[in-house]
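Asker: These are the residues of each chain, in order.
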Amino acid sequence: MSSATEKPDARASAVSSGDRPLRVLGVEYLNARPLWESLRDDPRVDLRLLPPSEVARALSEDEGDVGLLPVAAAATIGELRLLRNMAIGARGKIRSVAIVSERPIHELDSIALDLSSRTSVVLARLLLARRKLSPRLFGAPPEEAIAAVSGRTGALIIGDRALDVEGRFPHRLDLAEDWLDWTGLPFVFAAWFARPDAVSREEEDLFRVAKQKGLARADAIAAEHAARSGLPEESLRSYLTESVRYDLGDEELAGLQRFWTEAARAGLLPAASPSFEEPRVARTRPSLDSILSRAADGERLSVSEGVRLLREGSLFELGLAADAVRRRKHPHGVVTYIIDRNVNYTNVCTTSCRFCAFYRPVGHPEGYVLSREELGRKLQEVKDAGGVQILLQGGLNPNLRIGWYEDLFRWIKSEYGLGLHALSPEEIIHLARLEELSVWRVLERLHAAGLDSVPGGGAEILVDRVRRKIAKAKCTSAEWLGVMRIAHHMGLRSSATMMYGTVDTPEDRILHLVKIRDLQDETGGFTAFFCWDYQHENGTHIAPGDNGTHLYLRMQAVARLMLDNVDHVGASWVTQGPAVGQVALRFGADDFGSVMFEENVVSSAGTTFRINAEAIEQRIHGAGFKAARRNVRYEWLTEPSAGSGAS
Amino acid sequence: MLEAIREKVLRGERLGFEDGLALFNEPDVLAVGQLANQVREARHGDRTYFNRNLRIEVTNVCVASCLFCSFAKLEEHMPGAHTMTLEQAWKKFEEARAAGVAPTEVHIVNGLHPGLPFSYYEDLLRGFKRIDPTVHLKCFTAVEIHFFAQHYGMTHREVLERLRAAGLDSLPGGGAEIFDEDVRRRISPDKATASEYLEVHRIAHQMGMRSNVTMLYGHIETFAHRVDHLLRVRELQDETKGFQAFIPLAFHPDGNGMKKLPAPTAMDDLRTIAVSRLMLDNVDHIKAYWVSLTPDVAQIALRFGADDIDGTIVHETIYKAAGSRSPDGLSYDELVRLIREAGRTPVERDTLYNVVREHPKARAPEAAMKVRDRKRALEVVS
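Chains as they are written, first to last, in this note's numbering: chain A, 139 to 785; chain B, 1105 to 1486.
You may find that some hints are simply not true.
Beyond 10 Å from chain A on every Cβ pair, some chain B residues (computed) [as the list claims (entries may be wrong)]:
| no. | residue |
| --- | --- |
| 1 | His1148 |
| 2 | Met1188 |
| 3 | Leu1442 |
Between beta-carbon pairs, the in silico distance windows are [as the list claims (entries may be wrong)]:
| no. | chain 1 | residue 1 | chain 2 | residue 2 | range |
| --- | --- | --- | --- | --- | --- |
| 4 | A | Asp545 | B | Val1205 | 56 to 62 Å |
| 5 | B | Leu1220 | A | Ser490 | 58 to 64 Å |
| 6 | B | Leu1365 | A | Ala586 | 48 to 54 Å |
| 7 | A | Ser428 | B | Leu1365 | 43 to 49 Å |
| 8 | B | Gly1359 | A | Pro499 | 41 to 47 Å |
| 9 | B | Ala1108 | A | Gly662 | 54 to 60 Å |
| 10 | A | Gly662 | B | Arg1110 | 39 to 45 Å |
| 11 | A | Val419 | B | Tyr1457 | 38 to 44 Å |
| 12 | B | Glu1111 | A | Ser428 | 21 to 27 Å |
| 13 | A | Gly524 | B | Tyr1457 | 34 to 40 Å |
| 14 | A | Arg466 | B | Leu1365 | 33 to 39 Å |
| 15 | B | Arg1110 | A | Ser425 | 20 to 26 Å |
| 16 | A | Ser425 | B | Pro1237 | 51 to 57 Å |
No farther apart than 30 Å at their CA atoms in a straight line, the calculated lysine-lysine pairs in the BS3-like style are these [as the list claims (entries may be wrong)]:
| no. | chain 1 | residue 1 | chain 2 | residue 2 |
| --- | --- | --- | --- | --- |
| 17 | A | Lys467 | A | Lys270 |
| 18 | A | Lys764 | B | Lys1364 |
| 19 | B | Lys1195 | B | Lys1177 |
| 20 | B | Lys1177 | B | Lys1424 |
| 21 | A | Lys521 | A | Lys551 |
| 22 | A | Lys467 | A | Lys764 |
| 23 | A | Lys764 | B | Lys1363 |
| 24 | A | Lys351 | A | Lys231 |
| 25 | B | Lys1364 | A | Lys521 |
Hints are computed from structural coordinates only; laboratory data are not their basis.
We put the CB at the ideal spot given by N, CA and C, even for glycine.
With the sequences and hints as input, model every part of the structure.
Answerer: Structure representation (structure tokens):
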């Protein structure tokens, strides 16, 4: 059971025995078509066509061996091998990536971003920063982005739509052209990137042949696409043959390197260098020390760098680097905590997660829904103890309709005035399905009824392979992130969590962190991150995987290093115990979570720590910090208090 | 300051009182831990020791009234007081042997019982050896030895010789508390003084017996008292070389005369382990006694200077009485797992640190942890 044999990416044996075709991930877009079209009928190749962001996800989750990957995603994943002399780029106008507007770019005060190409978004940010412009940027679906253009609002438009609106708006900034103007270099949008040891030199030739065949068919491809899209054929032909450049020569490589360097400098992407060599043996592979010191300095790390830290970093190296990041983000030496109560309003649930000892199926004699009297008593206790919010979560109970929640929220607000940190994404999705409403509409109604923030529970591991094994009935990763995206756009804040230590690998945990980081780039709505290991106990049905206090401290430290755009990391003392929780304050955490009155879900699984505010402050002081109470937005409610001295 | 200390440590230079104090006051506890870890790894690499031992407390009746103690009862007839018959004590050993992994060590610590004949203790030892002649008997703290000498009118050496004749192999380190006379007078006024404690160990070492030594921290003592304590240990060790392991013991406040004091926090536990490793350049082993620290914190301590985690214990009552959240005992496999999860090499030892069995180290910390049945015992429940 060595870690090496568990790694899913070693395809070497499969290649030599030839028992599995090469898994190739292509992009549906027109400009990518010449590169993959002739691979469709090749029996040596299993081609899947996906949107660009899905190619990145699928390649990093080992659903493919090689993918036509946007270059921003390639830097984020890290340790990929670039195939020679093939790319999608431009030297000058690309035509299909542009900021359109009614006014000149420097007069815009906001820009709607089509988020389907992260590379274009990063490029747009760099080009705006170069001009010292800082309009408000907001994500929007493509049609809405175009519709938003008016007055001082522009839009970043990508793909067919960008071709479609050529000439429609008086101002148009072609990003590749502007890049050339700035750097004198071509821009590379995407290229073939392979997972380590996944594509042999012979197999690489398949791609070169495919490119030749594809380019020879450019006219036909343009004609077919014209028929499908309704765009003028001639325009598409010149797009494919003149605007897009499919070569990856020295100049393009220099352009790619420049983009990665600028983006890393701006903190938008991890530092990266293109490599045609297998990354593990490449001379340019960074040392663990250099990864750690870059992380400590606040630079962005790639997936592969995160995995290396988790696998190879020593406890102290990780702790010291995470502590340095914590110190830089929170220089006042203050650790916060909150007085709140976790109220599990019902244990009736239709999900039957294998790691959960708390739920009861519908109709089970031990199923409950808390009455107003019981809730009222609990809430009054919270008020009496100086509490400021409740964390309200429960099972997916089909008998509770949205009206029940709205009434409950209004009642809690009017009678008790407590903050409502309520309903994890799973519960929101459940309500949307039950009521046949959109997630947006459900959140809007709950928000109107008093919802303040969304707890990040139920994230488990945001990799679907893992979710299917441990929580088959739960929402997918994309759905979980989708609820958070909408909540953040609505102005709600949320926390993010991770439960590791089931069937997940170090790779899965890092991918989870990067998905949170990506969404945070987009919305900025996550306040804090908490992680804990799976609490195995009676009534749960999966064996524990990786756990232990060492792993907890390492995991939390790596999370602090990876999540460069999340302000707070909390120590999960409820699951780890107050002693380990305290130590965790030196491994990147700046928050000690909450004084809990009860936590039915975790305590059903055997972990029942309970300490009061005084004991929390004692531990915060003992770790060398000042202690302050906070609200759900991490604003201090008390003046930070220093300890009384020794130990 | 830490830089200067680091240089001294790397040069192999001995640290002084001021260095010790600076290490206790250094804000960056991780840096202190890392330095201690360096020393630990230079001495032991990844090797981390544990043993199969059985704790027995045959009596909790005790004439001393130490403020920190929740275990002792002053007289035999008091509620909660108990004294085992010899047969009951031996049965504990036989039960532990029958339960699977036979203990290689019996570790006995008791109250200072005024009403038992000395022969009780001699017979006790003989009985264990009758059951298993190879078992190592690590019995009676220096405080008990001193009490025996006074109570039965013998010299320390006579007590030790008679007990050795009955089967005693080595002395545990309990009863050291804090050596500083003022602190000691306040927390344990009516038992062996610091110099008497150290004298018993000196004599035992001169007789060729090995022993351990402890420090009870986190109550009313200051950092200066802790450093002073460490230096006195180091001084005797220079003279006799008889101490095998130093064991910092965290004060637990429940049910004793100092129950208003908070227990030391995990940070203090780890720091104390680390400073002990750095100060005691002449003591081979620093033990993270899991009963005192909880298994979770003991596991972290294996990176803060500790190279030993103690043993299976089976049944401990002294810390239990003071509110420890640790389980009664850990199984052999749980100890191996704890050590492997910390990325260390588990080495089963006997009492004298001879290797019984070396287990393979996990290839990486991340790969160590595929353990199928994690027992309830490890989940510390309040």
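Asker: Is Lys764(A) close enough to Lys1364(B), meaning Cα to Cα at most 30 Å?
Answerer: The hint holds at about 22 Å.
Asker: Starting from Lys1195(B), check that the Cα of Lys1177(B) is at most 30 Å away, please.
Answerer: holds (23 Å)
Asker: Hint says 33 to 39 Å; check whether the CB-CB distance for Arg466(A) and Leu1365(B) agrees.
Answerer: holds (36 Å)
Asker: Taking the CB of Gly662(A) and the CB of Arg1110(B), does the distance hold inside 39 to 45 Å?
Answerer: holds (41 Å)
Asker: So is His1148(B) really clear of chain A, every C-beta pair being over 10 Å apart?
Answerer: holds (16 Å)
Asker: Are Lys467(A) and Lys270(A) close enough, with their CA atoms no more than 30 Å apart?
Answerer: holds (25 Å)
Asker: Is Lys764(A) close enough to Lys1363(B), meaning Cα to Cα at most 30 Å?
Answerer: Within the cut-off at roughly 25 Å; holds.
Asker: Was Met1188(B) rightly flagged as not at the interface, with every chain A Cβ beyond 10 Å?
Answerer: Since the minimum Cβ distance to chain A is about 33 Å, Met1188(B) lies beyond 10 Å and the statement holds.
Asker: Is the Cα-Cα distance between Lys521(A) and Lys551(A) 30 Å or less?
Answerer: holds (12 Å)
Asker: If I claimed the Cβ atoms of Leu1220(B) and Ser490(A) lie 58 to 64 Å apart, would that claim hold in this structure?
Answerer: holds (60 Å)
Asker: Is 34 to 40 Å respected by the C-beta to C-beta distance linking Gly524(A) and Tyr1457(B)?
Answerer: violated (53 Å)
Asker: Given the hint of 41 to 47 Å, is the C-beta distance from Gly1359(B) to Pro499(A) inside that range or not?
Answerer: Holds, since Gly1359(B) and Pro499(A) (Cβ atoms, about 44 Å apart) stay within the stated range.
In terms of the numbered hints stated before, the structure departs from hints 3, 9 and 13, listed from lowest to highest.
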